[in-house]
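Starting from the known structure of chain C, arrange chain Z on it as the hints suggest.
What follows is the residue order along each chain.
2 protein chains.
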Amino acid sequence: MSNQKLYNVAIVGTTGAVGQQIIRLLDERNFPVKELKLLASKRSAGTKVQFKDREVTIEEATPNSFEGVDIAFFSAGGDVSKELVPHAVKSGAVCIDNTSAYRMDPGTPLVVPEVNAHKIQEHKGVIANPNCSTTQMVVALKPLHDRYGISRVIVSTYQAVSGAGNRAIDEMYKQSREVLEGKSVQPDILPVGSLPVKHQIAFNAIPQIDKFWENGFTNEEMKMILETKKIMGDESIEVTATCVRIPVAFGHSESVYIELNSDFEMEEVRKLLADAPGLVLVDNPEAQQYPLATEATGKLDTYVGRLRRDLSNPRALNMWIVSDNLLKGAAWNSVQIGEYLIAEKN
Amino acid sequence: MSNQKLYNVAIVGTTGAVGQQIIRLLDERNFPVKELKLLASKRSAGTKVQFKDREVTIEEATPNSFEGVDIAFFSAGGDVSKELVPHAVKSGAVCIDNTSAYRMDPGTPLVVPEVNAHKIQEHKGVIANPNCSTTQMVVALKPLHDRYGISRVIVSTYQAVSGAGNRAIDEMYKQSREVLEGKSVQPDILPVGSLPVKHQIAFNAIPQIDKFWENGFTNEEMKMILETKKIMGDESIEVTATCVRIPVAFGHSESVYIELNSDFEMEEVRKLLADAPGLVLVDNPEAQQYPLATEATGKLDTYVGRLRRDLSNPRALNMWIVSDNLLKGAAWNSVQIGEYLIAEKN
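Those protein sequences? They're chains C and Z, same order as listed. Per our numbering, the first sequence starts with residue 4, numbered consecutively. Per our numbering, the second sequence starts with residue 4, numbered consecutively.
The following block holds chain C by itself, in its conformation from the complex (with noise of 0.2 Å):
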C-alpha cells in the first residue's frame, strides 16, 4: 500500500446531503487521496472541513477549480454539472457525474459497477451516476436478467426525503414536530423545491417527485424507465414507475412485479440473489424478516426480500428492494465508480 499511486480529488458539491457522504465514504474506505479539493458554491467557501489528519477549506466551483484533478466527484444539480464538467475534463480530470446531466447522453457510460462495470473503461472524462431509485433496482435485477432474462418492471417506490436534500430532512422533522404539537403545518420545500406548489411530507405520501412530463409521469418515473434500459444493456426491458416520497428520512424501498422470459424455480431466483454482488437477502416470513430502510440507514449494500411467485403470472415475481439512498443511491456508487477507475489504471 505504501508504494499505491495518490490522486487529485475533488468533490463538487461538498455541503450537500451526498457530498458529505462522498468525503465520509473517501475517508472509511481509504481512497488513495493525495490532495482533496473541496468545491462548493461561494456561500459555502471558507468553511473548514475535517478530512483524515488535514483540514481542508472549502473553495468556490468555478472553471479553473480542476487544475491538476484527477478524479472529480460532481454532486451539486444538473446546471451546475452542466456547467464546470467541461472544463474539469478540458483539464484532465475524469468525472464522476452524480446528477442527471450526462446520465442519457450516448456517449457517457451510466455506470452501476455490479451491473455494468466493463463500461468505466469507455469513459471519455464522464462517468454518470444514476438516479438513486434506479441504482438500487438494477442491483436486484441484474441476476435474475442474465439467467431469464426481464420483459418487464412495473415499480413503486417509498422515497426517502434525503433524496430532495438536507434542508428536505429539515422540513420533514419540524413538519412532524409542528403535526405532534397540533401546530399548522406551512409546507416550504416539498415535493419540489423550484415548483410553486407545496405539500406537507410529515405523517403523508406525496406521489411527486421532480417535475411533471406531458405524457403524465414525473421526471423522477421517467429516469428509472429510461436509466434501466441504458444501464442493463437492453432496450427491451419495459419499466412503469411510480414514485412517490413517503416521511422516512433515509433509505428508498421499491415494491417491484418483475415478468421474466421463461421459467423459474424459487430456490433458484433466492440463490442467484443471495450470491449477487452488493445485494443481501432478508427474506424470512416466519421470523417477520424483510429489508427496512430503517434497518438500510448507513449500509452499503442493496437489501431484497418479500419474495414470491406471482398468483397469477407464473413467471413474475414480486419482491421488496432496499437500500440507504444516499449511499448505492448516490456516494457509495459513486466512490465504488472511483475504486473501479483507480483498479484499472494501478
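These are computed hints drawn from the structure, not numbers from a lab. Keep in mind that a hint or two might mislead.
Since the list gives no way to pick out one identical chain from another, each pair is judged satisfied if it fits inside one copy or across any two copies.
Straight-line alpha carbon distances no greater than 30 Å define the calculated DSBU-like cross-link-like pairs of lysine-lysine that follow [said to hold, decoys possible]:
id: 1; residue 1: 177; residue 2: 302
id: 2; residue 1: 214; residue 2: 274
id: 3; residue 1: 45; residue 2: 232
id: 4; residue 1: 93; residue 2: 122
id: 5; residue 1: 201; residue 2: 177
id: 6; residue 1: 85; residue 2: 45
id: 7; residue 1: 186; residue 2: 302
id: 8; residue 1: 201; residue 2: 214
id: 9; residue 1: 201; residue 2: 274
id: 10; residue 1: 51; residue 2: 177
id: 11; residue 1: 214; residue 2: 177
id: 12; residue 1: 274; residue 2: 85
id: 13; residue 1: 302; residue 2: 93
Frame of chain C, contents of chain Z only:
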C-alpha cells in the same frame, strides 16, 4: 321525515377506531336511530358516551345483547364476530360486519355500495364490509370494468397506521417523538399485534400487514386479491398486491396499474372516473394536484389521480387512489350499507 321508521341499532366494538367513527357517522348522517346499544368488551362496560341528546352507557357484548336490535354493526375483530354474529342473526338483527369473519363466506354478500349494492338484498342476516384497502380500490375500478373490462391489477399500498387501531396510532406518535428527541425506539405493537417480532413504524416503511400465508403473500394482500374478485363479481380479474404500512395516521394511498380488455381514450377514462359515484377525480399535474392522504382524512369519498396511460402497454393505465381508511374503508362503507338497507325497507 317525522313519519320515518326508526331502528334499534347496536354497535359491537364501540371503543375502537372504527366504532368511534360509526357513532359519529350515525349522528352526522341522521341515521334513524330509535335505541342505540353500545357494546364492547367487559373492560369498557359502564363508560358513558354522548350520542345526540342522549347519554348511552356502554354494555358488555354477550350472546344476549341483541334482543330487539334491528341493525348491528360489528367491528371488534373476527373472533368476536364469529362468536356473536350468529346470536345477533338468531335475534332477528341484520349484521353489518366489518371484520374478515364472513367476507369470503359464499352465502354472505360482500358489499361496496358503489359497486354491488344490489347484493345487499340477498343477505341472510349478515352483510360483510370488505377490507379497507380493497374497498377504495374497487370504487375506482368499477367504472373502468363496466366500460372496458379489467383483466389484471397490480397494486402497491401505502397504508395508514389507524388501520391497526388506536393503540398503533399512539405508538407511531410516541416513536416519532422519540426519534425527534434522539431517543431509542422500542416497538411494541406493529407490524402485527399478535405476532412476536416488532418493527419501528416512525420514519420507516414496513412491508407486512397481517400474517403471512405459505405462498409468501400476507393476509392483507390475499384479501385484496380475493375480495376484489368477489365484490366485482368477476373471478377472471387477476390482482397482485403488495401491502405496506407507512407512517401516516389516516388515509390509505394506492399505486395501481390496470390492464384493460379493450382500447381506451384517456379523456373517456377521465370522464368515467369523474362521473362515478363516491369517486372524486383530482388530477392536474400542472398545478401539482393529486390525491393526498392528509387531504382525504375525514372525507367520505375516494380520490383518484396521477392518471396516465402506460408507456409499454397501450391497454394499461396507472393511477393513485386515496381514501380515509376508517371512513370509506370501514365505518362509512358500513353505515352506507345500513342506509341502503333501510331505504329498501322503507
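Right, here's what the structure says about each hint:
For the homomeric pair residue 177 and residue 302, the shortest alpha-carbon distances inside one copy (26 Å) and between copies (26 Å) are both at most 30 Å. With identical chains, the CA atoms of residue 214 and residue 274 are at most 30 Å apart between copies only, with a shortest distance of 25 Å across copies and 39 Å within one. When the C-alpha separation of residue 45 and residue 232 is checked against a cutoff of 30 Å, the pair qualifies neither within a copy, at 38 Å, nor between copies, at 60 Å. For a Cα distance limit of 30 Å, the shortest separation of residue 93 from residue 122 inside one copy, 21 Å, qualifies, whereas the shortest one across copies, 73 Å, does not.
Taking the closest pair of Cα atoms, residue 201 and residue 177 come within 30 Å of each other both inside a single copy (15 Å) and across two copies (27 Å). Taking the closest pair of Cα atoms, residue 85 and residue 45 come within 30 Å of each other only inside a single copy of the chain (18 Å); across copies the shortest separation is 69 Å, beyond that limit. Taking the shortest Cα distances, residue 186 and residue 302 sit within 30 Å of each other only across copies (21 Å), while inside one copy they are farther apart (35 Å). Proximity of residue 201 to residue 214 under the C-alpha cut-off of 30 Å is restricted to the intra-copy arrangement: shortest distance 13 Å within a copy versus 37 Å between copies.
Within a single copy, residue 201 and residue 274 get their C-alpha atoms only as close as 44 Å, which misses the 30 Å cut-off; across copies the closest is 27 Å, which meets it. Taking identical chains as interchangeable, the C-alpha atoms of residue 51 and residue 177 lie at most 30 Å apart only when both belong to the same chain, with a minimum of 28 Å there against 38 Å between chains. When the C-alpha separation of residue 214 and residue 177 is checked against a cutoff of 30 Å, the pair qualifies only within one copy, where the shortest distance is 24 Å, while the shortest distance between copies is 35 Å. In this assembly of identical chains, residue 274 and residue 85 lie within 30 Å of each other by CA distance neither inside one copy nor across copies; the values are 42 Å within and 43 Å between.
In the homo-oligomer, the alpha carbons of residue 302 and residue 93 never lie at most 30 Å apart, since the shortest distance is 35 Å inside one protomer and 59 Å across protomers.
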